[in-house]
Amino acid sequence: MPFTREEMSAIDKAPINAPVAVNFMGLITDEQADRKHHGGPLKAVHQLAPATYERINTEFGLKVRVGTLGENLTTEAVNDLPEMTESTVCIGDVYQYGGEYGDTATSTDDVDNLQLRIVQPRRPCYKINDQIGQFTKVPNIAAWISKQGIAGWYFKVVRDGMISADLPVYLIERPYPFATLETLWQLSNSKEKFAAEVIEPWLAIECLEDSWKKVLAKKVRKD
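Using this note's numbering, read the sequence shown as starting at 4 and increasing by one per residue.
Keep in mind the hints are simulated off the structure, nothing from the lab. Some hints could be false.
To be verified - Below, simulated DSSO-like cross-link-like pairs (lysine-lysine); rule was C-alpha separation at most 30 Å, straight line: (1) 216 x 196; (2) 194 x 150; (3) 225 x 194.
Here the structure is a predicted model, which means the values were calculated and not measured.
Turn these sequences into a full structure, and let the hints guide you.
Okay, structure coming up:
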């Protein structure tokens with residue numbers, strides 16, 4: 004569809020049931036019209052919590068459907084995991100899609116199963132305003148989403164594999180349990196400065212995308 008600053012965008016997504024291959028660049032069937040700002044190894048797969056749509060629809064009286072904001076994935080709360088939202092996922096988390104994991108897994112269970120690592124939140128852009136602007140005249144919903152910190156997150160592909168709608172999801176690594184996306188947004192959005200001991204653990208996260216580290220580094224209070 005046409006957008007205000009470029010001819011076309013691939014933001015609008017629709018559910019698919021057939022398995023799709025995922026490599027280091029993302030879903031092989033996915034498209035990005037603006038490859039300068041979207042896609043690439045550090046934005047290979049975008050996941051958004053269904054709760055984001057619930058909050059948008061409640062706040063603005065809309066009926067925006069899942070997929071409207073361009074995400075590749077949404078998940079349900081299964082396998083004893085809490086719902087995946089900004090308050091429950093962390094930078095560095097690795098999730099496996101398909102197979103088995105834990106006590107019931109065999110040595111060959113996960114050989115070909117997709118594994119993804121969270122490396123950064125998504126920064127909402129003007130395309131969200133254009134997309135939702137089809138349904139409402141509310142200005143700058145993208146800024147509201149950013150302030151709320153509910154824009155979803157990007158994965159880097161740890162291991163190529165297949166993904167489909169019926170696969171179980173397993174959390175297999177959580178190296179930085181303090182690093183929830185909710186906390187990262189709170190720190191980034193804050194006008195306050197923080198003690199070095201608050202910020203430095205974030206700067207030490209190897210997989211956190213560099214632009215977020217630059218934002219956080221400016222939040223250190225000069226004592």
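For which of the previously enumerated hints does the structure constitute a violation, in increasing order of number?
-> none
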